[in-house]
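Listed in order, the protein sequences are those of chains S and Y.
With the working numbering applied, the first sequence closes on residue 1332, and no number is skipped along the way.
With the working numbering applied, the second sequence closes on residue 166, and no number is skipped along the way.
Worth flagging that the hints you see were computed from the coordinates, not collected in a lab.
Hints are not guaranteed to be accurate.
With a straight-line Cα cutoff of 27 Å, these simulated DSS-like cross-link-like pairs (lysine-lysine) come out [said to hold, decoys possible]:
#, chain 1, residue 1, chain 2, residue 2
1, S, 545, S, 518
2, Y, 84, S, 43
3, S, 769, S, 735
4, S, 594, S, 691
5, S, 559, S, 594
6, S, 608, S, 594
7, Y, 105, S, 108
8, S, 691, S, 757
9, Y, 84, S, 714
10, S, 707, S, 757
11, S, 74, S, 26
12, S, 74, S, 151
13, S, 151, Y, 84
14, S, 735, S, 707
15, S, 707, Y, 105
16, S, 521, S, 559
17, S, 43, S, 176
18, Y, 85, S, 707
19, S, 691, S, 642
20, S, 642, S, 545
21, Y, 105, S, 714
22, S, 82, S, 34
23, S, 769, Y, 7
24, S, 769, Y, 10
25, S, 594, S, 769
26, S, 545, S, 487
27, S, 518, S, 586
One side only, chain S facing chain Y, incomplete, derived with CB under 10 Å [stated by the list, open to error]:
#, residue
28, 88
29, 165
30, 183
31, 190
32, 201
33, 249
34, 255
35, 263
36, 266
37, 812
What you are looking at is a predicted structure, and each value in this text was computed from that prediction instead of being measured.
C-beta atoms are modelled at their ideal positions from N, C-alpha and C, and glycine is treated no differently.
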Amino acid sequence: MFSKGKNWIQQAVWKPKNLHSLEHLKFLHHVLMKHQVVTEQNKSLLVETFRSISEILIWGDQNDSSVFDFFLEKNMLSFFLKILRQPCGRYVSVQLLQTLNILFENIKNETSLYYLLSNNYINFIIVHRFDFSDEEILAYYISFLKTLSLKLNSHTIHFFYNEHTNDFALYTEAIKFFNHPESMVRIAVRTLTLNVYRVNEKPMLTYIRNCTAAPYFSNLIWFIGNHVLELDCCVRNDTDHQSRNRLADLVAEHLDHLHYLNDILQLNIECLNEVLTDQLLNRLLLPLYVYSLTKDNRYDMKEDKPHIHSIVSLFLLSQVFLILSHNPLITRLADIIFNGEIDTLSGQSTDIGEGEMSRRGFVAPLETLVKSLESSKVSSLKFSKRRPRYNDSSPDEAEEEENADNNQEEKEEEEEEDDDDDVIGDKVESKFDEHHIDVEMNDQQVLQGQTKLSTTGNPKPNQFCFISRPYWLAIINTLECSDSDYKALFSLCLLYALGTNESIRPEILDAGKLTSRKQDKQYYNCSLVEKLITILSLSCQYNSKVRPVTLQMSILLLKQLVYSDGQCFLQDMHLACIEGSREESKLMLRNFFKGDELFLDMFEDEYKNLQLRPLNVEFLTMDASILLAPTGTPLTGIEFAKRLPSGDLERTRRAIRVFFMLRDLSLTLCGETETRLPLTRQEELVSVTDKLDLNNRDLIACTVVHKDKVTNPKRQRRFLVIDPLQLILVEPDTKKLGWGVATFVGPLQDVEVTGDKEDSRSLHVTIHKRANSAHVKPMPLLSARFIFDDHIRCMAAKQRLTKGRTKARQRKMEAIAILLDLPHSTGPPLIHGPTSHPGMAVPASAVQTPFRTYSDQSYARRTPSSDPAIQRSVFASVDKVSGFTTSQRRSIEFVHQVPAYQVRPAVSQPESPYIQRDSSVEIEQAQEATSPSAYSAHQSHKESSDDTLSVESEQTTMSPILMPAKSPATLLIAGQTSTETGSPKILPPTSTERVRSLSSASTGSENEGVDRFGKGISKLSFGKSQAPVSVNEARAEGESSHGKITLGSLNRLAHHRSPKNKLESDGIEMTSFKVTTTSTVPTPGSEESLDLNQYLPECEQENLGNCAYDSTRMSEQEATAGGVADVQLDEPEGAIGGVLDVTGETVSDEAEGAVGGLLDGATVSDEAQDAVGSVLDGTKEATSHKEEFESEETSDEVEGAIGGVEIDSEEASSDFDVALQDMVQSQFESLTQRNQTKQDNGQDDTNLDPECDFKDEENEYAEKECEVRDNEQAEGEETRTTLTVAARTQPDARQCEDVARRPDGQDEISDSDDSGTFPEDEKDFSSSMRTV
Amino acid sequence: MITIDGKQIKLQIWDTAGQESFRSITRSYYRGAAGALLVYDITRRDTFNHLTTWLEDARQHSNSNMVIMLIGNKSDLEARRDVKKEEGEAFAREHGLIFMETSAKTAANVEEAFINTAKEIYEKIQEGVFDINNEANGIKLGPQHSPTNPTLPSSGGGQQSGGGCC
């Protein structure tokens, strides 16, 4: 490397002329002869000559031995020396050193090396007094020495070490720089010393030991000690984390020292290790580290005794035990920690043995290393040591050292006198230790006997031990961390390190009853384990002071103590405590469980992190930041795990992490294997090159243009497959028809899709990848443009991708809910759960407090019985419903509102042909049966709605999308006056969800449909993120059948997560849509659309039934209507349902009609907004708007509308109310009913009529939408029958609500959706139905 | 000694080759360096496979801001190539390294490798990522050379995991 560097600079100067040849060397020799005296003039010539010589020699070494012969013959090295001894200046010196360096680095030939080393020239150069103040010279000098040391072996050593004169210049000169401020110099010195020790030549080692070891090591340790003091000073004085960098350096420095010491000790040179161990223990580890453990409660020490904060000492000791592995050293250190007694350690005055070296205490060496090395030449047996003075690496240190110097003499005297305090004779100490160990062993046996007797693990014995074990006691006591886990973390590290260090004799560990390394851990240290368990349970508290890392350490230690080889020795009592903690952590996490995307991302991220990066204790103890008092702010840059959480987000993260850790611990201890995590298992996923059977799957052909041109410049023709969890690009398999080979897979949940403004056929698809390293900014897994054949396919793809993303996420959220044991059967937690609208902030709670309360109440009403039956399909419950009058009535009402619900009544009541009809009939019945209370409720509701109206209207004006959330029907159902205060805004589902067309043909899908609806509902509810509490209440009260229904649906959701995802999404869309409809008072939009006309009769029927209510509702509706903004109709059916709901009684038909109209013409959101406004004005206007919509069918507009819709949807989603949910549910049900009816045509007599109607409607829709559906032929009848899907405008689809006047006098709001049918969606839906 | 942006910069280059047996030494090297060259041999896949370990090592022990370059050496031996250039690029991209292929034999890109490293370090200094007053970062001001040019990254830890020499 060096040679290279030189070449860069000088190659240009050098004009090679027969460069590599003996002749050239001869010429150079001649030059040297001529210029034996260095002058200013010949300097550069000389430098160049030296450079060339090294080059030729190396060439000669490999190619021509005569070159070397000549070199030796002429004794050219002597020229080097001669020139060096002149005042040649830096330029020449540096070149000379570099030349030599290169020479020795590159000589491969052993004999050449010997030649070079003989004659002592090199030794002369080594001892030459260079101007070391010049850092460049020093750098080259020291690396020259280092290079030489790399050439050392048992042969070459003799060229450097002269046994007779006891001369070893290479070594002694080098170690003088051991504490040079330049770190690279220090490193070189260390390398050199290690290389020297490694040679393992007896006489040389003896020399080193006798003449240099003590001085060198003592100085080294003094040097280390001063670093430690500085570090301590840093920690003590750092209140605001200002000196983090400095601290980090010092910690790293200390680690360097330890590693260096360990490297020496690992060489197993006994004589050296003896000295080093002694120095290390008695000069550093014991006096400075261990004694500081008890600084707080120790009786008064002299003030000037250096000591460090117990935190620092714990930290450093853990490092020691993690790094050092020299058996005698570690064992003795551990022994003293476990068994040391203050009396014995500080009270013995014993000064026997090897003079000063045996003194214990952190004191400066007597002499500087340089001095002692000099004196050792005179008398190699006299050890004296003194710190070298030439380096004062830092001001602090300098000060320290000065102080030390000043005090040194005093100190020494004091030591003589006051040995009693802390200076102990080494030998005596060790003897004592042995004795002590024996005693302890006996104790232990006794103790063990006791524990055997009482298996509960009586802590008494430990206490007994603690009394006489100050250090051990001090360590254990720090584990108390109810206030702060500052100290506990270090103690945990230390205990862990003690348990891991294999050099500690097991019997010593027994003294502390540390069962870390035993096979049989039955008699573990109960008090310690209990402390650990306390930490675990503390960590599950809401405002816990336990940092994640502390918890993790506790868990590690706990496993170490009581778990081995798959066997857990924990007593039942303790195990129960741990299970309890796990349970608590789960409960804690439940409180944080939210429906937002962030939660899922965080959840998976945390899991991945824990899996990929298990805690490495050694790395932990390398981190200086934990030395500072725990802080809560991320601004410090301290890793999340190592500080307290800041803000809700981090608290959530922390809760997640705690949950994972405790779950893992408990599973491990119980010997169970994790089955639920990760949320997606790799084996479930398709991977690239997998061959897939794509028969009967939905494929969308597209051209993929990667944006990353480098890797994939080409356009690729691919088929897009959307799996439940993955986006897959396939190309056809050449061998199997209908099969494909995956060329790319990416998680659907991280997909981001945006349309292309320029090109309606393109989508920009990005799949984000989470960063797995802090050093790399995350790169998207895929960033490409997908070009489809036409804009319809493009829209379809977009819809499916966004929906797929949502579904994938919902699916996972559900998995999490299960993991947290969130009761699936109950709606509330689920409501909290996955948002149907990804990406939307959920401000709902903040924004609409009143609404919330309302929802709560309504919930209370509705969720009557937390009936287990609820878990069954809604339908089942419906069937039962018929029996109860009251419930029936309610349901009827509900039905009015939400036609879907009428399915049940339909079953019971053959009369109602349509769901709607049913509903109407029921309504009538209900009215009859219903007591005035319902009515009153309606009224009250109405009033409330009026109040809210103004607010709503404002909202609507602001964002057209905002739906007046009030659904009178819902309110009625709830029957509570007080609740209605808030007006729920209906939010169109976020872009992800799209309206699907329900396929009328889908047979036998009743249940499924219901389920789906249910799911959808639940999801919706999630999205709404309403307070779970309210839900619970609702259940408890659960009076009305409606409540049941909702519950059922919720349950559904919970249950049907996996298989029917698609359906669920549909349901969600539906719900959102419905909500909107309900909120808006439906005005008869029937006129506009053909469908409406069809419906009309039905509607009328219903209306008739409802008449009584209508009046009341009318007013309500009107009020709401004013507020109504755009409603998204996801599915035409849904829209219909919504309509029905809205009317609660009658409107549904109209709504459907409106939908139809929408389908015909793609409605633009803007227009929709306008429409809303107009709606307020009057029916006529509304109709006109619709017409307008129809006229404007262009896809472009639709897309634009979509955009607008999306925005709206976000807002809307946040606003969702429970009431809306209910409405939605009911709508769903109605939809399902319809489907069912269609399916069941033959089956249910009662249903026949309605079915027919539906079919008709559907057919019409289908016809209208035929174009769209081209793709989807697959389902044949069913598909055709399907109602148009609002797919085009879809997620974004905005719903326009037009207020039309009904003949009845009721105001109805018709929701208009943009309907583009998504053939594919339909397919899915229908297929799912079939499966059911 | 190179010049970047009008400022003289002296590179101090350390080679850890052959010294990995002492952990303390490698550790120290990493810690004192502002940049590192991770070199593998494009004709030997095993050297490429070991990169992860080396990188982990380097990242663990070094200053987190250390500039790391990935070098595929022996690019002159195209015929014996065992590791595709794209693979090197991909690895570098994935781990946030700068990638180059060099040939020590033909000196192709060798100088660039060092200069680029220095440039990168220099940029980081300009951004204030490195604390130039802290010598533990491997950067030292050079007063004597150019009082007007205060920045002087003085060391890059060079490390070869593959064969070939720089």
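Now the hints, each set against the structure:
1. 545(S) to 518(S): Judged against 27 Å, a Cα distance of about 32 Å means the pair is violated.
2. 84(Y) to 43(S): violated, 48 Å
3. 769(S) to 735(S): violated, 33 Å
4. 594(S) to 691(S): Violated, at roughly 37 Å.
5. 559(S) to 594(S): violated, 32 Å
6. 608(S) to 594(S): holds, 20 Å
7. 105(Y) to 108(S): Roughly 19 Å separates the two Cα atoms, so the pair holds.
8. 691(S) to 757(S): Distance of about 35 Å is beyond 27 Å: violated.
9. 84(Y) to 714(S): Satisfied, since the Cα-Cα distance of roughly 20 Å is no more than 27 Å.
10. 707(S) to 757(S): holds, 17 Å
11. 74(S) to 26(S): With a Cα-Cα distance of about 9 Å, the restraint between residue 74(S) and residue 26(S) holds, given a limit of 27 Å.
12. 74(S) to 151(S): This hinted pair holds, its Cα atoms lying about 24 Å apart.
13. 151(S) to 84(Y): At roughly 37 Å apart (the allowed maximum being 27 Å), residue 84(Y) and residue 151(S) break the hint.
14. 735(S) to 707(S): violated, 31 Å
15. 707(S) to 105(Y): Not satisfied, since the Cα-Cα distance of roughly 37 Å exceeds 27 Å.
16. 521(S) to 559(S): holds, 10 Å
17. 43(S) to 176(S): violated, 31 Å
18. 85(Y) to 707(S): holds, 21 Å
19. 691(S) to 642(S): violated, 45 Å
20. 642(S) to 545(S): holds, 11 Å
21. 105(Y) to 714(S): With a Cα-Cα distance of about 36 Å, the restraint between residue 105(Y) and residue 714(S) is violated, given a limit of 27 Å.
22. 82(S) to 34(S): OK: residue 82(S) and residue 34(S) at ~13 Å, within 27 Å.
23. 769(S) to 7(Y): Judged against 27 Å, a Cα distance of about 40 Å means the pair is violated.
24. 769(S) to 10(Y): Answer violated: residue 769(S) to residue 10(Y) is near 40 Å, above 27 Å.
25. 594(S) to 769(S): Measuring from Cα to Cα gives roughly 22 Å; hence the hint holds.
26. 545(S) to 487(S): holds, 12 Å
27. 518(S) to 586(S): violated, 32 Å
28. 88: violated, 19 Å
29. 165: Hint violated; residue 165(S) Cβ to chain Y Cβ min 29 Å, cut 10 Å.
30. 183: With a closest approach of 5 Å, the residue 183(S) hint holds.
31. 190: Residue 190(S) check passes; min Cβ-Cβ to chain Y is 6 Å, inside 10 Å.
32. 201: violated, 18 Å
33. 249: This hint holds: residue 249(S) lies near chain Y, its Cβ roughly 4 Å from the closest one there, short of 10 Å.
34. 255: Holds: closest Cβ of chain Y sits about 7 Å from residue 255(S), inside 10 Å.
35. 263: holds, 5 Å
36. 266: holds, 9 Å
37. 812: violated, 26 Å
Checked against the numbered hints given earlier, this structure breaks hints 1, 2, 3, 4, 5, 8, 13, 14, 15, 17, 19, 21, 23, 24, 27, 28, 29, 32, 37; the rest are met.
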